[in-house]
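*Asks:* Residue numbers (the working numbering), protein chains in the order written: chain A, -14 to 124; chain B, -14 to 124; chain C, -14 to 124.
Copies of the same chain are indistinguishable here, so a pair counts whether it falls within one copy or spans any two.
No more than 20 Å apart at the CA atoms, straight line, and that leaves these computed lysine to any residue pairs for SDA-like:
1. Lys63 <-> Asp50
2. Lys(-9) <-> Leu19
3. Lys8 <-> Tyr40
4. Lys(-4) <-> Arg12
Think of the hints as simulated: they come from the structure by calculation, not from any bench.
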Amino acid sequence: MTIITKTIQIKSRGENDMIDMTKQTSRLLTESKLEEGLVTVFVSGSTAAISTVEYEPGLINDFPDMLSRVVPNDIEYKHNETWQDGNGHSHVRASLIGPSLTIPFKDGKLMLGMWQQIVLFEMDTRQRTREIIVQIMGE
Amino acid sequence: MTIITKTIQIKSRGENDMIDMTKQTSRLLTESKLEEGLVTVFVSGSTAAISTVEYEPGLINDFPDMLSRVVPNDIEYKHNETWQDGNGHSHVRASLIGPSLTIPFKDGKLMLGMWQQIVLFEMDTRQRTREIIVQIMGE
Amino acid sequence: MTIITKTIQIKSRGENDMIDMTKQTSRLLTESKLEEGLVTVFVSGSTAAISTVEYEPGLINDFPDMLSRVVPNDIEYKHNETWQDGNGHSHVRASLIGPSLTIPFKDGKLMLGMWQQIVLFEMDTRQRTREIIVQIMGE
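The following block holds chain A by itself, in its conformation from the complex:
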């Protein structure tokens, strides 16, 4: 059993940016030469999230549109009263979607669907450099 833990830095363009991390994750898996096991993708930070999505231009708009309806940025947040940073909605959105994703792999390949990509969701109001942990555990 082998564990490989890599940190990837990704620059986001701020709120509503969605970044496809599938190729980078697959490359790390190929380099590991492991055949079977579990990949964990985790974003270190409280205003970003990880999930999967069909990464195409329509959904890149539709998903943030949903977040804007469900967790609007133009209502009051107690977080903003205290910290004056205007990203209360970013924190709430990030906790709703969650920071971690686990994907099994076999025969050296991620077991994703054909139109299922690993995506980093930037929810903060400004550009950020994100640290994404990709951990591969297997044999």
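Start from chain A and add chains B and C according to the hints.
*Replies:* Using the frame of chain A, we list chains B and C on its own:
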């Protein structure tokens, strides 16, 4: 340390179908004869999701009702403009709930609550045959 | 490769209580003396959830406020008609957020962001004693 990765095929009845996968997952764990470790349940595809729920007739209605309010199917989605497949809301719902679930096990048993079942949520608008990955890692 | 599976009991104060579990989780990791691997935090039960959040007094209000808007407690739930326990919304909220969280660790430390805490969300309408599973897998 042992890794066992199985793919289960499940036929869904289309949108709002919720399928209890607890027995199948427990059976694979029993067959593995492993005592302690982690089970990952992952749905391969971008219009379905995995979580836990008390699987009873009331919540089988209440959970889809929530999704219909939060991610309605009768508003515009850019995904539908491009692909004309009418399942933009299915994609958004799936990314919101997420495709993966991890459950520890000990003494050969999943550490679920008494009224906590592993559930596949079908969100696509039509019947699908789903591939669910159940990966058991432990000793 | 070592697996350590601990159950922590936590008393909650009922609906909307959010409990920071970061210190307890970190302490278990330190005691394990493991250097690199994966921590899974899992709540056993169908009316509570686990995610990460910046644990500060503003967001402790903002996150439950979001849940109250998205999954209100004053609409009808079929669950309540059958079971008369008035916590249909608690179940739906718990399935929405999810019961499991996975966090990589390296050099004996959880790879969380500086303002990112592990939080148990109590969604049930009454005080509960929760069983949280913390499983550490690594070397």
